[in-house]
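Per my numbering, the very first residue in the sequence shown carries number 13; after that it's consecutive.
Treat the hints as calculated values from the structure; they're not laboratory data. Please read all numbers here as calculations on a predicted model, not as lab measurements.
Computed spacing ranges between beta-carbons, pair by pair:
| no. | residue 1 | residue 2 | range |
| --- | --- | --- | --- |
| 1 | H94 | W14 | 21 to 31 Å |
| 2 | L99 | R156 | 19 to 29 Å |
| 3 | G50 | D104 | 46 to 56 Å |
The C-beta atom is built at its ideal place from N, Cα and C for all residues, glycine as well.
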Amino acid sequence: MWAYASAAQRLGVDIHERLEVTGVDVLDGECRGVTTDGGPIGAGAVVSAVAGWTSIVAGMAGVQLPISTHPLQAFVTEPVAHVLDGLVSSMDLYIYVSQTARGELLAGAEILPYNTYSTRSTFEFLAEASKRSIQILPFMARARAMRQWAGLCDMTPDSSPILGETDVRRFFLMAGMGTWGFKGSPIFGKTMAELVATARTPDLIAPFSPGRFAIDRMVPDAASAGTH
Numbered sequence: 013m014w015a016y017a018s019a020a021q022r023l024g025v026d027i028h029e030r031l032e033v034t035g036v037d038v039l040d041g042e043c044r045g046v047t048t049d050g051g052p053i054g055a056g057a058v059v060s061a062v063a064g065w066t067s068i069v070a071g072m073a074g075v076q077l078p079i080s081t082h083p084l085q086a087f088v089t090e091p092v093a094h095v096l097d098g099l100v101s102s103m104d105l106y107i108y109v110s111q112t113a114r115g116e117l118l119a120g121a122e123i124l125p126y127n128t129y130s131t132r133s134t135f136e137f138l139a140e141a142s143k144r145s146i147q148i149l150p151f152m153a154r155a156r157a158m159r160q161w162a163g164l165c166d167m168t169p170d171s172s173p174i175l176g177e178t179d180v181r182r183f184f185l186m187a188g189m190g191t192w193g194f195k196g197s198p199i200f201g202k203t204m205a206e207l208v209a210t211a212r213t214p215d216l217i218a219p220f221s222p223g224r225f226a227i228d229r230m231v232p233d234a235a236s237a238g239t240h
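Whenever a hint applies, use it, and build me the whole structure from the sequences.
If you want it as structure tokens, here you go:
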């Protein structure tokens, strides 16, 4: 995230941290900008890319979405000697483990089955994810867990993203990424930027239109992420 932000700032993007969006300005069916706790911001186009808060922000524009919000948790161990070059995962156990540049072993599992906006991590997750991690990588039994956290995932009925312009003109969505949004961010950003700039939808993201649910054209891609 920090690397993306630094690169964006070098290219002239203004990033306003700790600025809360409190409303979306819509006039005659067209988005004109947003209101924030620091004042209004006018814009020729607004792209909502807010993950687990998608339903809330879209609702400010009067857009209803078939999205549910679920917490996804992870934990890291103390740094250990280099043991992993890639990511190890198990579809049977619903666990994945990778190693950070600092040597920490990073482990995560599936989303929790209930809806919430809470980002509080739980002991139940740590205990279960630790057990699964040790089953696929027994040496992890000797590693001490250092910290854990939770984030929010925006899940669609077909477990695929929503990319495109909504019924509110010039209000665009990059949503429904579920558990794999970070991996898809580069191509999502590239194709959505092309759409906003040219008003033409790239073929690659055409199947992920916000209107696909109304016409029953969902994307059969639920198996693409091992943590669903």
